[in-house]
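In order, the protein sequences belong to chains A, B, C and D. Each step along the first sequence adds one to the number in UniProt numbering, with nothing skipped, and position 14 is 14. Each step along the second sequence adds one to the number in UniProt numbering, with nothing skipped, and position 199 is 199. Each step along the third sequence adds one to the number in UniProt numbering, with nothing skipped, and position 57 is 57. Each step along the fourth sequence adds one to the number in UniProt numbering, with nothing skipped, and position 230 is 230.
The set of hints was computed from the structure by calculation and includes no laboratory data. The reader is advised that the hints may include incorrect statements.
Just a sample of chain A residues kept apart from chain B, beta carbon distances all over 12 Å, derived [said to hold, decoys possible]:
# : residue
1 : Gln37
2 : His139
3 : Arg254
Straight-line alpha carbon distances no greater than 25 Å define the calculated BS3-like cross-link-like pairs of lysine-lysine that follow [claimed, not checked]:
# : chain 1 : residue 1 : chain 2 : residue 2
4 : C       : Lys218    : C       : Lys103
5 : A       : Lys265    : D       : Lys265
6 : A       : Lys294    : C       : Lys218
7 : D       : Lys102    : B       : Lys294
8 : B       : Lys163    : B       : Lys218
Don't be surprised by glycine CBs; every beta carbon is placed ideally from N, CA and C.
Residues per chain, in single letters:
4 protein chains.
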Amino acid sequence: MQQNVYKPQHPIERSANRARMLISCPDRPGIVAAVSQFLYEHGANIVSSDQYTMNPDGGMFFIRFEFDLQDLDRELPKLQEDFVRVADRFEMKWHIFRASRKKRIAIFVSKEDHCLLELLWQWQAGDLDAEIAMVISNHPDMRQLVESFGIPYHHIPVTPETKAEAERLQLEKVHEGKVDLIVLARYMQIITPRFIEYFPNRIINIHHSFLPAFVGGKPYQQAYDRGVKIIGATAHYVTEELDGGPIIEQDVQRVSHRDDVASLKRIGRNIERTVLARAVKWHLEDRIIVFQNKTVVFN
Amino acid sequence: MQQNVYKPQHPIERSANRARMLISCPDRPGIVAAVSQFLYEHGANIVSSDQYTMNPDGGMFFIRFEFDLQDLDRELPKLQEDFVRVADRFEMKWHIFRASRKKRIAIFVSKEDHCLLELLWQWQAGDLDAEIAMVISNHPDMRQLVESFGIPYHHIPVTPETKAEAERLQLEKVHEGKVDLIVLARYMQIITPRFIEYFPNRIINIHHSFLPAFVGGKPYQQAYDRGVKIIGATAHYVTEELDGGPIIEQDVQRVSHRDDVASLKRIGRNIERTVLARAVKWHLEDRIIVFQNKTVVFN
Amino acid sequence: MQQNVYKPQHPIERSANRARMLISCPDRPGIVAAVSQFLYEHGANIVSSDQYTMNPDGGMFFIRFEFDLQDLDRELPKLQEDFVRVADRFEMKWHIFRASRKKRIAIFVSKEDHCLLELLWQWQAGDLDAEIAMVISNHPDMRQLVESFGIPYHHIPVTPETKAEAERLQLEKVHEGKVDLIVLARYMQIITPRFIEYFPNRIINIHHSFLPAFVGGKPYQQAYDRGVKIIGATAHYVTEELDGGPIIEQDVQRVSHRDDVASLKRIGRNIERTVLARAVKWHLEDRIIVFQNKTVVFN
Amino acid sequence: MQQNVYKPQHPIERSANRARMLISCPDRPGIVAAVSQFLYEHGANIVSSDQYTMNPDGGMFFIRFEFDLQDLDRELPKLQEDFVRVADRFEMKWHIFRASRKKRIAIFVSKEDHCLLELLWQWQAGDLDAEIAMVISNHPDMRQLVESFGIPYHHIPVTPETKAEAERLQLEKVHEGKVDLIVLARYMQIITPRFIEYFPNRIINIHHSFLPAFVGGKPYQQAYDRGVKIIGATAHYVTEELDGGPIIEQDVQRVSHRDDVASLKRIGRNIERTVLARAVKWHLEDRIIVFQNKTVVFN
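Turn these sequences into a full structure, and let the hints guide you.
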């Protein structure tokens, strides 16, 4: 444990009895009634609900509940068991998360530190409600920084020859660390389909452009060459298609002819770190449902 | 009927069977279950729900439902009658609106036309789902413009001496016109408490500043004198306190030292018309609940 | 002249003696000194100057001056003649515009009216300092609207067979009308290279996406399919490459999973009209220099 | 020197020969000509110029030049001496800054760390071109953090009784440290007029509201109570009037009824740190002229 670890200044209030429920299913009458009746009968108090129906009459139904339940830890298994009957009736995909159970994150970085720093800072400020289980990097540069936060740092070099072996090592580390979510904080290495399979919709990447403009490499150079007046960044779940996964969040900033590529990069770094932190926060708070390569974000 | 009236280009699809329900009540377990169960039993299909609980455990509960109900016009009275039992049980304030029943608007203007024009255009484009029952002005200037849209124009001059009589006439007109909502589109006259009483939370005003900065007169001059770098506008419900009613919507725009008062006004006009139109739209779509001089906006 | 034509409410103050000067040339020492000295000696008072040097040491130099000159109309020819010597010395491309000489615009439209309406409205409010010489459309729909503003409307149908003939007619009209600037306000027809040649960097188009994302047709459908969280619009000068010309202005708006294609279009219309009006305004105020398929915008 | 100090990742390119010149004076013809001619004759190449004239004909003239001059360090004294004649002729207030001479900053903090952290990170990333000479705090909490960046930390407690003595100590430290600029990064203590006199327009404060709304204490509570839909932050130079000094920069963020005071604070922290860092950056780059309690910002 290093010296300058200090306690979060703004701890998030999380009731030990707060749970979140995400449901998606084909739309039909009675879903809200069935679920809310079920929760009521099991003693749960709904404190928040947000619903989205895609194409009423024959479309899809999505809902997010937050509820409080006395003795949640003890009662939840029973409630989940009982819920299977409701879920089966409506062909639901569903999940219940305990708000007090912090998700475990592995952050992957290369040499750019701004996205990592933002995550560490927001985490330290109590704004990201997670355990940061480890940072993995193909470079040694940020070891001291990361360890000064009391977080393990794994330096796993990647070369074309050692790529497969490096990925095997990474997987070992994240499995050992019981990692729930991988965040590519400007990691700059392609993740293989085999790796992605282990973490479907659980790898968040930050792409340094307003996708789908400027897919691929050197987006700021591309933006400069095209003379755009606004640049952006995109946080998305990683799928097999490069920069093609479900978009979680995007944001932009105004630029002008005065901004050269270096200036675009400087401005862009601020967008990247903000957008990535927001996407991670929403994932941690169980606000995202992926459907057909798009996201439903309840925020 | 004038010549250049033409049909909305983008008609809003409104099912004749779509209804919206707004509820507020003290929070306690079982509300969502009771209402959604009730709707289900009456054959209604919930297509959207959005809930907000202020201070869970002892706070207030707010919810907005949209639902479809076969033969709504015929079935609604019975459903409303039956709902009284649920409402009483939870001490609800509630209202059900038929989406197909267009609200009737009276727009009050003085000499500035930009807010009026934006409302007329959005209405004509099918973006504002309302009947514009009339325009009332203390000046004759915009008669031709308004009548060219096929809308009645009432010129009711206002002087210090005729103020009371003018207001009596205005009330007569809006009552005759079965007006649901009054929009002060830069009307620039103080509305008396007596008038407000007839339309509680049903008069929307646009104030040309980012409230509560620059309350009162000449806000752009005030903004210029203070050297602010951002100006704004605020749409709010009118209450007895000048510029003090519940805020519905605000927006802002960046300005610089180069902008003199005339330039601030020019920029400001674009903010004002956008903000006012948005607030009116949300009111028309039954998205707003007022509670303790604040708004809950489900959007 | 139609009935509902009324005078601009907010006339722009334009001194009859105000001129604007745009210069671009290879960078080297002494340019600002030479030009400002020249203007001073000719009795002109510089009221605004804005300079941009692309890559100092061996790059390009761009500057915009506004100056006041007593008896501008009488003195300008002499001043321009004299300036040739300065311009030759520095290999300048340059132009001087009289602020009081309103540019003449032809607006091309198809069936969508929102961009046209915004231009008409801003023009009427005195925010667009131009003469609107005519509106040309391949449809008859907006004749009454346009003529009600006292503006000539030319209905020139376009079919695959009559395309060449239609363009010949259009050119005839804009030449007769001494048009300086053509604005494609959602015109939806491809302009041929032959036509563009007559108006290099003097045709402004609004593309309904954040270019270079979603080039080509149905951009809102494309945006919906990709699940973006922000949509935009782009105003650019028209060149031979479809949607590839120099970008003048872009803006964006946040959207969510709740927005279907119709909703994206509705939101997009507001971005389109704002962005187009801004680009046109900057062109009218001689704020734009095109260099290597990009714009330098002094604003 | 602590362990986790690492080199800026993105060093700003600053030519040793680059200078910046700020001028304000009464407007009259010939100023640009005189200055640019002067610079040209002294061998300087203007790489950027930006002018603003407040009320042409009888108003004020402001200009910022950037220029390159061979052997700047050696030549500057002579150039400054010679410029006095030009300056006197036009009654100029003027200053020339060497871009390569980093300004020295003292950051004052209390217990909130987010503004300090942003400044440290931007400084470390090479985005803030300054020497951070010291951090002064009335609390001991951030010593380790600050010292880990290799920056001296002075803990100077402040109580009502020791206020005068504390200020004396602070002044001693900043004078010893040859400090050019003081940044109040959520310092939360009133600075006395006596202290301010030593640093006129060289103390930047961040106020956690969109001034002039919510002057004084607890602005987030005030914002919550008023039910605003947008919150903001304001960076300004400190003057004797509390929260009344010249505004440098402001920014805002959208909020909703769902945000309680804690949430407003969380969102606000992100605005505060961004706005403060921007204001400090502009000051460091000599982009700001103060005139009559307002700022002219050339950016």
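Against the structure, the hints:
no.: 1; hint: Gln37; result: violated (5 Å)
no.: 2; hint: His139; result: holds (39 Å)
no.: 3; hint: Arg254; result: violated (9 Å)
no.: 4; hint: C:Lys218 with C:Lys103; result: violated (32 Å)
no.: 5; hint: A:Lys265 with D:Lys265; result: violated (29 Å)
no.: 6; hint: A:Lys294 with C:Lys218; result: holds (19 Å)
no.: 7; hint: D:Lys102 with B:Lys294; result: violated (49 Å)
no.: 8; hint: B:Lys163 with B:Lys218; result: holds (22 Å)
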